[in-house]
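Visitor: Listed in order, the protein sequences are those of chains V, B, F and W. Taking the numbering used here, the leading residue of the first sequence gets 134, the next gets one more, and so forth. Taking the numbering used here, the leading residue of the second sequence gets 15, the next gets one more, and so forth. Taking the numbering used here, the leading residue of the third sequence gets 3, the next gets one more, and so forth. Taking the numbering used here, the leading residue of the fourth sequence gets 84, the next gets one more, and so forth.
Worth flagging that the hints you see were computed from the coordinates, not collected in a lab. None of the values given here were measured: they were computed from a predicted structure. Take these hints with a grain of salt, some might be off.
Said to hold, decoys possible - For lysine to aspartate or glutamate, the following DMTMM-like pairs were computed, each having C-alpha atoms within a straight-line distance of at most 20 Å:
1) LYS458(W) / ASP607(W)
2) LYS71(F) / ASP412(W)
3) LYS306(W) / ASP150(B)
4) LYS473(W) / ASP398(W)
5) LYS365(W) / ASP74(F)
What the hints assert, rightly or not - A short, non-exhaustive set of chain F residues, derived as facing chain W with CB atoms under 10 Å:
6) GLN77
7) ASP137
8) PRO164
9) PRO252
10) ASN266
11) SER267
12) ALA269
13) MET270
Quick reminder that beta carbons are idealized off the backbone N, C-alpha and C, glycines included.
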Amino acid sequence: MTERASLEPGAVSPEGAGSPLLSVENLSVSYAATRAVRDVSFQLHDGEFVGLLGESGSGKTTLGNALLRLLPPPGRISEGRVMWWGSARTGEAREGPEPHRAGRDLTTIGQEDLRRLRWREMSTVFQSSMNSLNPVLTIETQFRDVIEEHTAMRGAPARQRIGQLLEMVMLDPSYMRFYPHELSGGMKQRVALALALALRPRFVLLDEPTTGLDVIVQRSILDNVRALQREQGFAVLLISHDLGTVMEVSDRVMVMYAGKIVEDQRASTMIAEPMHPYTRGLLGAYADPRAREVEIAYIPGRPPDLSRPGQRGCLFAPRCQEAIDVCRAEEPVLSAMGQGEAACHVAEAAYAAGDGRRDQSARAGEVFTAPAGRTDRGPRVERRQEVLAVAGVHKRYRSRRGLKVTEVDAVQDVSFVLRAGTVTALVGQSGSGKTTLARMVTGVERPDTGSVTFGELRVDRLRGRGLKAYRRHVQLVFQDPFAALNPAHTIGYTLSRPLINHQDVTGAALRPAIEELLERVGLSPASTYIEKYPHQLSGGQQQRVVVARALAPDPEIIVADEPISMLDVSIRAEILELLDTLVRERGIAMLYITHDLLSARVLADEVLVLHNGKLVESGATLEVIRGARDAYTRQLLDAIPNPFATRRG
Amino acid sequence: MRYFVSRVMFFVLTLWAAVTLNFIIPRLQPGDPAQTMVQRLAGQSEAIDPAAIRAVQIMLGLPTGSIFEQYVDYLQAVVRGDFGISYTYFPYTVTHMIAEALPWTIVLVGVTHVLGFVIGTLLGAAAAWKRNGKFDTVVSLGSTFIGTLPFFWIALILIYVLAFTLRWFPEAGGYSGEIDPAWSWAFFGDAIYHGILPALSLLITAPIGWIMGMRNNMVHTLGEDYTRLALAKGLRQRRVALTYSARVAILPNVTGFALGLGTILGGTVMVEMIFGYPGMGKLMFDAISNRDYPLMQTIFLFTTIGVLLANLCADILYGVLDPRVRREAQT
Amino acid sequence: MSTPIGQVAKPIDSEPAPGDVAAAVRRSRLPSWVVILWANRKSRIGLIMLGLFIFVAVFAPLLATHDPKVTDFAQSLPPGGAHPLGTTASGQDILSQLVYGARTSIVVGLVAGTVVTFIALLVGLTAGYLQGWVDEVLSFLINLALVVPVLPLMITIAAYSPVRGLFLIIFVISITGWAWGARVKRAQILTLRSRDYITAARFAGEGRLRIIFAEIMPNMMSLVVAGFLGAAAGAIGAEAGLEFLGLGDPTTVSWGTMLYWANNSGAMLTGQWIWLGAPGLAIALLLSSLTLINFGVDALSNPHLRER
Amino acid sequence: MKIVKEVPVQADDPLKSPWRRRTVALASLLVLATGAAACQSGSPTEEGNKGTPKAQGMVSQLNMGDFGGGNAPQRNFNPFSPTRLVTDFTFEPLFVVNAYDCTVTPWLGTSYTWENPAKLVVKTRSGVTWSDGKPFSAKDVAFTYNLLKTAPALDTNGLWSKLTSVTAEGADQVTFAFKEASVPTFTQVSDVRMVPEHIWSAVTDVAKFTNNEAVGTGPYTVKSQNTQQLVLERNPKYWQADKIKVQRMMFKKATGGAEVDKLRLSRGEYDWNAMFVPDIEKTYVAKDPEHNHYWFPPGASISLFMNLTKAPFNDVEFRRAMTFAIDRDEIKNKAQFGYVETASQTGLVMPGQKAWLAPGIANDGKVPYDAAQAKKVLADAGYKTGPDGKLLGKDGKPLPDFSYKVPNGWVDWIQAAQVIQKNLADLGITVDVQTPSAEVHDKDRGIGNFDMFFGVHGGGCNIYQAFQHPLGSSQTAPIGKVAPTNFIRWKDAKTDALLEELAKAPDEAAQKTVVHQLEQIMVDQVPVVPLWYGAQWFEYRSEKAIGWPNAKDPYAGPGNQLIIMTKLRPNPDYRGK
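Throw the hints in and build the complete structure from the sequences for me.
Guide: Spelled out as structure tokens, the structure:
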């Protein structure tokens with residue numbers, strides 16, 4: 134692999150370069166009435182690794198699409214320019230920085246000129262690699278497409294080059310004969326990455342490149358990206374909602390909120406000194422699970438609806454605990470302060486007063502402190518009443534393809550107990566068997582051997598009516614709250630059903646009972662929610678409704694399957710806190726299924742680590758996490774993105 | 015391989031079901047088929063000697079024995095390709111009649127179906143590529159309306175305008191009769207001239223389904239990441255449109271191609287009847303008109319088998335075109 | 003007849019969903035589905051057209067100038083005077099036939115559409131919800147019914163039938179036209195039944211029937227309505243086709259029989275292009291109205307499309 | 084040539100033209116006549132092949148309509164096959180019975196004698212050759228009749244249910260022996276077309292034989308045939324070749340259906356056709372008034388058939404009221420385009436069979452519409468009208484609603500039934516017009532499951548059958564059993580006796596006496612109520628050829644092709660070739 138002579142890996146000083154590679158000037162993008170990106174300006178320099186952080190709906194993906202001029206209709210750039218300062222070069226020869234660097238506006242450049250720039254100069258990896266590879270073409274063809282389109286390379290050399298590219302992302306070259314569906318998610322993402330680097334572009338846009346992958350795979354791919362970036366010196370804009378990831382790999386981080394960049398500074402200083410309250414709120418959601426004391430924070434409220442006209446002032450102000458009067462009147466602009474830029478009146482005032490460093494302990498938003506941090510927790514666990522016992526369960530799945538029978542041991546010899554008022558976390562990757570175990574607990578699935586006992590009841594032997602009756606005692610909280618609520622029914626109807634079926638609440642008693650449930654999960658005043666449909670609520674509110682429904686039959690056990698993984702980072706802690714409160718107050722036994730050790734650390738009393746259907750580690754949360762003995766547990770712990778940990782070399 | 019085996023199994027099963035259905039339907043009709051038939055041969059209000067009925071029964075080989083024996087005999091006959099004697103064209107066999115009509119329909123339906131598919135797919139792809147543009151609006155709304163026009167009505171209007179009034183084309187028939195059917199250019203020219211109006215009647219609506227299907231699929235695939243990525247790759251528009259978007263969008267249409275054959279065959283019955291085109295549709299219509307049950311049954315069976323075969327081909331083609339469905343073949 | 007019965011041929015609507023529909027629904031005293039469909043421009047046009055047809059059908063006796071079956075008039079009159087569209091070769095008033103024909107078509111569409119939708123729902127729901135061998139058998143039946151060419155099957159069944167007339171036609175359409183709808187509905191059920199909210203309903207203590215009808219069905223509304231509209235359109239087309247082939251009762255007054263008579267008693271010869279053209283156009287317009295309405299149907303079971 | 088008998092497939096095409104199908108029934112009744120005619124000798128002349136046809140005073144070609152065999156006609160010139168193509172110009176019978184006036188023209192037979200009512204002797208023509216040059220003789224005739232015995236499926240007239248033997252005596256005489264008195268059978272006997280023994284004797288399965296060579300004695304031989312057209316060429320060896328002035332006949336398939344056929348007709352593309360055309364004056368004659376002509380002579384009677392086993396139909400007075408109650412002219416004009424004639428109550432076809440009309444019967448036996456008279460007859464017979472205007476039965480209870488069954492799709496009949504419905508409503512009788520499928524209609528008709536329907540009878544020259552089919556007690560059966568033709572269940576000793584007498588009556592005079600009495604039964608007892616005569620469709624162009632039969636010169640029925648061919652001659656004014 135030939136290296137670019139002029140660009141030493143990692144030798145680029147983003148601030149030092151005279152002219153940028155890409156500069157965005159007052160860019161606005163709108164979808165019909167919605168202004169998804171509002172007046173965004175920033176610069177990107179050669180070899181720079183920049184993170185773009187934002188929650189769903191913040192406009193970060195739209196911004197990315199606008200840069201590449203790939204906005205899906207009816208989206209359109211309504212204002213501003215995207216200047217490209219690298220020029221389109223022809224042929225294979227890559228020379229040093231061109232003497233003449235004329236900027237070109239990507240928003241107005243002709244189709245053909247744009248086409249020439251694309252991929253040679255700027256490439257991308259999309260969020261969902263499941264869909265970004267053409268399902269009907271082999272991997273090789275999809276590489277060949279770009280190579281043959283943009284270079285003179287053909288035939289065997291091209292094939293060789295593809296092999297090299299695959300090796301570069303740690304894939305065997307033989308995979309080039311495969312079709313996308315024959316590869317795993319992680320492999321596809323690696324292919325997409327190799328594809329993005331096929332022509333050694335100067336700029337790569339990575340849009341949530343690892344979302345949806347298992348943490349360990351996620352980690353490995355990001356390490357790969359970072360290493361390649363250092364080696365080849367391309368500039369990266371990494372779009373992600375995951376602050377941990379972004380902070381860890383980026384040189385510089387831009388934070389987006391409601392279509393605007395609200396903060397822009399180097400990652401290292403941002404951790405130490407976040408300027409915008411929103412950034413601070415986001416940072417609050419992270420912690421090192423191995424720390425002695427862990428507390429995480431959340432930002433109450435929900436992001437603004439950008440389709441609604443006539444909104445004034447700082448759009449974060451309604452959620453901001455530090456907001457002052459001017460915040461509600463006037464929208465702040467991004468301006469230099471501290472060691473970077475921020476759009477915040479409060480921070481501006483603070484820096485203007487000469488004291489930029491505000492109290493670091495004052496995290497923005499509400500704080501939820503991990504129970505394990507409280508010293509009195511340990512012994513109490515033992516005293517709790519045992520509600521459900523899983524003993525030596527084993528489950529084997531048989532799948533038949535033609536004449537070939539494949540057997541998979543989904544769960545092997547797993548035993549644990551659920552206790553009242555206690556959260557037991559079941560941690561593992563997808564495919565580790567945690568879902569099968571959960572289904573056994575709920576009676577949906579039966580173990581081949583072993584038993585599941587609820588009091589005197591053998592859950593694994595229930596069928597029909599008995600099973601139906603058992604459901605009164607065990608309830609579910611789902612991963613995706615929107616999918617868990619029937620879009621055709623109002624909240625009131627949804628909550629009324631378990632009350633009617635399990636609690637025999639009817640008639641006039643129904644409405645107060647529903648209101649009580651809603652109030653209990655923090656949706657108040659309850660009457661405003663009863664008539665609403667799920668889509669009219671925010672994700673956090675929806676999840677609260679799901680929790681309320683689970684509470685309705687007054688169950689002994691709640692199985693919560695990744696209840697926060699689909700939620701925005703800024704509100705995750707809020708749901709965790711709710712679950713925690715309910716479990717403690719009502720003495721419910723909770724099986725908390727997750728891949729995320731941080732949330733387990735915060736919420737759970739006990740942790741079970743599951744790997745390939747086997748229980749590899751179990752015990753009190755703090756003991757397991759701080760003193761992990763099993764290699765897999767440690768791998769899981771290492772994979773957790775941690776902005777506060779020291780940067781990896 | 016499993017995919018292909020399962021498709022062939024489905025074909026065999028449906029074939030058996032169709033053959034059996036074909037056995038059952040005529041037996042659901044009230045009355046004695048022999049009586050009906052003899053009455054038909056003799057003329058409506060003639061008194062017939064019972065001996066004559068018996069003689070005709072034997073002559074035509076009308077079914078005897080228990081229903082099960084009949085079924086077994088029937089299956090054996092089907093395997094032998096012996097579908098009995100046509101009532102209308104007695105003493106010619108059903109097979110003889112079908113052999114004469116089949117080429118006409120295969121050509122008419124083949125040409126129109128393939129042309130319709132190609133035109134429709136191209137138009138649909140073009141409309142999707144320029145979605146929400148003028149072309150798209152015209153194509154979408156135009157096909158919404160044209161798609162609702164009955165086949166037979168279009169045929170009637172065409173015959174009225176182009177044949178009756180303008181006299182540009184012959185009103186009826188598959189060839190003029192002056193030239194005996196033969197492998198000659200003169201005959202082919204004559205046959206093509208006669209085939210234009212029937213083909214046109216089918217061709218006006220034939221592409222509509224494909225336009226809709228292709229447009230909708232492609233609007234979908236255009237929004238897919240792989241298409242956007244292909245654009246980002248700096249590939250030429252043509253390549254993106256064809257290899258990425260259209261290539262995937264066409265897949266459902268391939269399955270539809272076979273199912274659409276059933277629809278167009280339905281249309282053929284009417285169009286052939288209106289144009290007196292000497293194909294299977296006309297033969298079927300005549301068989302119905304004349305209560306020529308053996309002929310009718312067999313045409314229905316042939317039509318079904320034709321569609322089933324087309325379906326099998328489409329399934330196999332689908333397997334070849336879409337690597338996802340033959341996942342098992344690889345592992 | 004260019005699409006199988008129950009299959010809806012319409013382009014995906016790329017018109018942005020109007021945001022103020024929900025508000026309109028709340029404000030209006032009309033049934034919510036009307037308001038929802040009304041919000042889409044294309045389906046609004048469709049509703050107006052369909053409304054006109056229904057109006058004509060309902061008030062046919064008032065609108066028609068003559069009894070459509072009465073043969074009292076001079077034969078094959080050109081349009082004009084007392085007979086704006088002329089008379090048939092048997093001396094019937096063409097306009098009156100056209101007016102009464104709307105009745106037949108709408109009744110056929112309504113009845114056959116309902117029956118087809120019902121069968122499709124029954125088969126689709128059963129196959130999709132029960133799964134297992136029931137599903138295997140029903141799926142095979144669905145696939146079989148899908149590949150068997152519908153019109154030849156209809157013709158064959160109709161030809162063997164001892165009775166003729168509208169009832170037969172509706173029957174034939176119903177038993178041959180359900181497959182597409184059943185397939186679509188089965189597929190929909192399969193995806194819906196694995197939704198979390200169905201699991202949640204089970205844990206909320208709901209019974210099987212209630213899950214099907216209260217939890218799954220409302221989310222299939224647009225599918226059911228679209229299926230119904232498609233089936234109705236298919237049935238209207240098929241009815242016209244069968245009548246045209248003479249497999250109906252030629253004395254019923256319908257657009258199909260009008261074309262049958264126009265074709266069989268000299269409309270072309272006497273140059274009565276209106277007699278030939280009007281019924282076909284009427285069919286096409288009625289079917290178009292159904293297709294247009296379908297543009298707005300997606301919003302029915304997707305509250306998301308009704309309001310942002 | 085599309086007379087319906089020739090093309091049963093085409094005619095029985097219920098989906099295609101509801102107008103044409105009826106003619107099947109009519110055609111089958113167009114069975115021949117009684118009566119004798121003088122021998123006529125024709126001298127066959129050989130004709131040279133010199134010059135163009137025109138130069139020889141010939142019509143070079145006549146364009147004809149359909150040639151049978153359905154829409155995909157397959158080669159089949161077996162004259163006995165129900166699916167044959169046109170064979171009427173190629174094969175000839177012993178005698179041609181004039182379908183219009185029922186006179187008998189000697190053809191391959193020169194004369195016939197009933198030696199007794201069960202024995203017929205026919206002299207055959209000598210000097211006739213088959214088109215392959217072999218001589219025709221009485222042996223061929225005997226062979227032909229005996230052939231039908233071996234293939235009962237083809238003996239659709241059921242000759243062998245009456246015959247015992249057919250034998251040739253010498254070269255020019257054939258003797259037919261019958262089981263019983265069978266004088267009226269003559270029309271059926273004479274209807275059989277002669278085929279050559281030297282070819283057919285080798286045929287094993289006559290029913291399936293398609294006779295591709297078509298060797299016959301007729302004026303034309305088959306020149307070429309495909310599914311679109313059939314060409315017949317004049318047979319120069321024909322025994323009366325001097326009378327045949329048309330060189331070639333070109334039949335065109337009406338593949339495009341009735342409409343296309345009508346279009347071609349109106350464009351003058353057919354010189355001779357037989358099809359239903361609505362509004363024919365406008366759509367056909369007006370296009371070329373000089374040359375386009377039509378003649379729709381009356382055929383069989385179409386009558387109101389009532390179930391005589393039920394009240395009030397079993398009451399002769401009620402039935403008599405029916406004869407006045409129905410407005411036949413309205414049916415004629417509304418339902419039948421005015422193409423037909425109203426029917427005589429006698430059961431005869433007027434005016435063709437005027438010679439058979441009993442002297443005492445006025446107005447040709449036609450009963451005018453007179454609703455008041457109908458009411459009077461009913462009132463006199465004791466039928467009262469209820470307060471709601473409904474007619475009461477003799478028992479004072481309201482009459483039930485009666486069904487009127489019409490085969491589905493026979494629209495003109497349905498319209499006629501609606502006229503009757505209206506007429507009877509005026510009398511306070513409620514009629515429900517039902518339209519079952521033709522099969523169900525026929526089945527119900529057979530087993531007596533009906534109140535009223537349209538029956539077809541008479542019309543042919545077999546006057547015995549014209550009465551025996553609808554009225555003979557041998558043709559009926561109890562309700563629930565299938566009656567062959569006497570659907571109304573008319574059982575009358577006098578009728579049966581008269582029929583027996585008619586079967587034996589050796590000469591026309593004797594026959595007439597009996598027929599007069601049968602007519603009287605029709606008029607007095609009113610077993611059925613004839614309404615109108617089915618029409619026989621016949622259109623022709625006089626541009627190339629003249630000498631066509633028509634209302635002014637009804638020398639033959641349109642179905643008597645052989646007679647017509649001997650009369651056609653070139654139009655001297657024709658300027659084409």
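Visitor: Hint numbers the structure violates, sorted upward?
Guide: The structure breaks hints 3, 7; every other hint is satisfied.
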